[in-house]
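Participant: The lines below spell out each chain.
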Amino acid sequence: MREQPTDETASLRTENDGQPPYLYPDYVATQLRAPEKPLIILPRTLSDTTGPAYGRDPVGELDNDLTRQHAGEPLGERIIVTGRVLDGDGRPVRNSLIEVWQANAAGRYTHELDQHPAPLDPNFSGAGRCLTDNEGRYLFVTVKPGAYPWKNHHNAWRPAHIHLSLFGNAFRSRLITQMYFPGDPLFEQDPIFQSVRDEKARQRMIATFDLETTEPQWALGYKFDIVLEGRDAIPMDNHR
Amino acid sequence: MTPERRPQPTPSQTVGPFFHDALLDEDRSGLVSPDHPEALRIEGTVYDGAGEPVTDAMVEIWQANQAGRYNDPKDAREDLPLDPEMISGFGRSGTDAGGRFSFVTVKPGPVPGPDEGVQAPHIMVSVFARGLLKRVVTRIYFPDEEVANASDPVLSSIEDVDLRRTLVAHSEGDALRFDIYLQSENQTAFFEL
Numbered sequence: 000m001r002e003q004p005t006d007e008t009a010s011l012r013t014e015n016d017g018q019p020p021y022l023y024p025d026y027v028a029t030q031l032r033a034p035e036k037p038l039i040i041l042p043r044t045l046s047d048t049t050g051p052a053y054g055r056d057p058v059g060e061l062d063n064d065l066t067r068q069h070a071g072e073p074l075g076e077r078i079i080v081t082g083r084v085l086d087g088d089g090r091p092v093r094n095s096l097i098e099v100w101q102a103n104a105a106g107r108y109t110h111e112l113d114q115h116p117a118p119l120d121p122n123f124s125g126a127g128r129c130l131t132d133n134e135g136r137y138l139f140v141t142v143k144p145g146a147y148p149w150k151n152h153h154n155a156w157r158p159a160h161i162h163l164s165l166f167g168n169a170f171r172s173r174l175i176t177q178m179y180f181p182g183d184p185l186f187e188q189d190p191i192f193q194s195v196r197d198e199k200a201r202q203r204m205i206a207t208f209d210l211e212t213t214e215p216q217w218a219l220g221y222k223f224d225i226v227l228e229g230r231d232a233i234p235m236d237n238h239r
Numbered sequence: 000m001t002p003e004r005r006p007q008p009t010p011s012q013t014v015g016p017f018f019h020d021a022l023l024d025e026d027r028s029g030l031v032s033p034d035h036p037e038a039l040r041i042e043g044t045v046y047d048g049a050g051e052p053v054t055d056a057m058v059e060i061w062q063a064n065q066a067g068r069y070n071d072p073k074d075a076r077e078d079l080p081l082d083p084e085m086i087s088g089f090g091r092s093g094t095d096a097g098g099r100f101s102f103v104t105v106k107p108g109p110v111p112g113p114d115e116g117v118q119a120p121h122i123m124v125s126v127f128a129r130g131l132l133k134r135v136v137t138r139i140y141f142p143d144e145e146v147a148n149a150s151d152p153v154l155s156s157i158e159d160v161d162l163r164r165t166l167v168a169h170s171e172g173d174a175l176r177f178d179i180y181l182q183s184e185n186q187t188a189f190f191e192l
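Which chain is which? The protein sequence lines are L and A, in order. Here numbering that gives the first Met the number 0 is used: position 169 in the first sequence is 168, and no number is missing along the way. Here numbering that gives the first Met the number 0 is used: position 47 in the second sequence is 46, and no number is missing along the way.
These aren't lab readings, by the way, just hints derived from the structure by calculation. Ideal Cβ positions, reconstructed from N, Cα and C, are used throughout, including at glycine. Mixed in with the good hints, there may be bad ones.
[Claimed, not checked] From chain A, some residues computed to sit far from chain L (all C-beta separations above 10 angstroms): (1) Asp24; (2) Gly130; (3) Lys133; (4) Ala147; (5) Ser156; (6) Ser170.
[What the hints assert, rightly or not] Lysine-lysine pairs mimicking DSBU-like chemistry, simulated, CA-CA at most 35 angstroms apart: (7) A:Lys106 with L:Lys199; (8) L:Lys36 with A:Lys73; (9) A:Lys73 with A:Lys133.
[To be verified] Stretches of chain L that chain A covers, calculated by requiring three or more beta carbons in the stretch to come under 8 angstroms of a beta carbon on chain A: (10) 135 to 145; (11) 172 to 183.
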């Protein structure tokens with residue numbers, strides 16, 4: 000049962016919060032990495048209601064275009080991914096760093112440990128970053144990543160996804176997640192996607208195709224809004 | 000706004016094994032120059048439940064400066080100086096083939112706690128890794144702060160003394176050691192935010 004929130008803070012700490020558990024045995028790597036001891040409730044203080052505004056180095060103008068990092072254009076289906084980053088009150092998270100990384104259109108990462116026998120693309124590195132604007136909006140141009148195999152279980156394939164890393168306004172709001180594409184037939188057997196047990200919460204990880212974002216004769220558009228935990232608040236004294 | 004109308008948070012997902020080019024392309028493990036007169040090296044190893052080093056983790060830290068001020072406009076205590084030597088208070092280190100991470104920083108000052116109290120000097124820590132569907136959050140406290148640690152509200156809230164002890168770093172030569180045990184008997188204390 001969801002705890003009935005008695006105040007704003009309590010509502011953030013309901014048991015079924017739409018987040019995955021640490022231990023999800025179907026995702027084998029959680030078995031030796033998930034903490035087992037009860038978590039300690041951390042009261043809100045400046046230590047976690049503050050946070051880095053963004054990385055040390057300024058974000059370059061083309062850092063959000065993964066199709067223009069090399070001499071030529073990458074192969075694959077060109078896409079535009081855009082959306083808003085909001086806090087727990089629905090307010091825009093402004094001037095906040097988003098870092099992204101992904102496999103190429105063939106489902107291969109440039110990472111040295113990726114052994115999938117699919118071709119690397121000399122024109123695609125698969126890493127980018129941008130800052131949200133005053134409305135919390137962000138935009139990336141990239142190619143649609145391919146699905147790829149991994150060794151979690153027999154014939155395991157990850158659905159196509161883009162990794163996103165966000166800082167938000169505070170240490171509390173730090174989030175690393177994955178954005179998936181609508182209608183992927185691999186959702187059913189993917190334990191990372193399925194680790195989020197709440198169906199509605201899983202839907203919040205899936206982008207929607209958006210004709211308005213789609214640019215004629217150029218690229219398909221996807222919308223993906225991201226909601227971070229917490230809000231831009233001063234420390235409160237109500238904790239437990 | 001009623002809780003029902005609040006947008007629901009986007010679920011966390013694992014950082015996976017392939018984040019290095021995007022997240023560790025530049026070295027952000029130095030919060031101050033190693034030449035800083037009070038530069039402090041903090042190092043540690045991340046271990047899994049089998050006692051094996053976690054070689055594909057990413058450790059991030061966030062801390063106040065020596066005066067106890069966070070470099071964020073939300074810390075509006077303008078009587079405390081910002082430190083031009085410490086640009087951000089944020090650091091990030093991958094773990095290497097031995098599961099080791101390290102930072103060069105300065106020891107933060109005490110910072111405000113809940114109920115108008117004071118917290119002992121500490122550093123906020125997040126660990127991300129393949130197999131962690133969401134980050135784990137812990138804190139580094141300092142071994143030379145016995146008095147402040149004894150009255151720290153967060154440390155004091157941990158009843159299990161052995162678990163509490165996992166949050167205090169150890170001196171090791173000129174450096175501080177803070178190992179992180181994700182699982183098992185000697186697991187590090189982790190927080191729910």
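Participant: Return the numbers of the hints above that this structure violates; sort them in rising order.
Facilitator: Violated hints (numbers, rising): 1, 2, 3, 5, 7, 10; every other hint is consistent with the structure.
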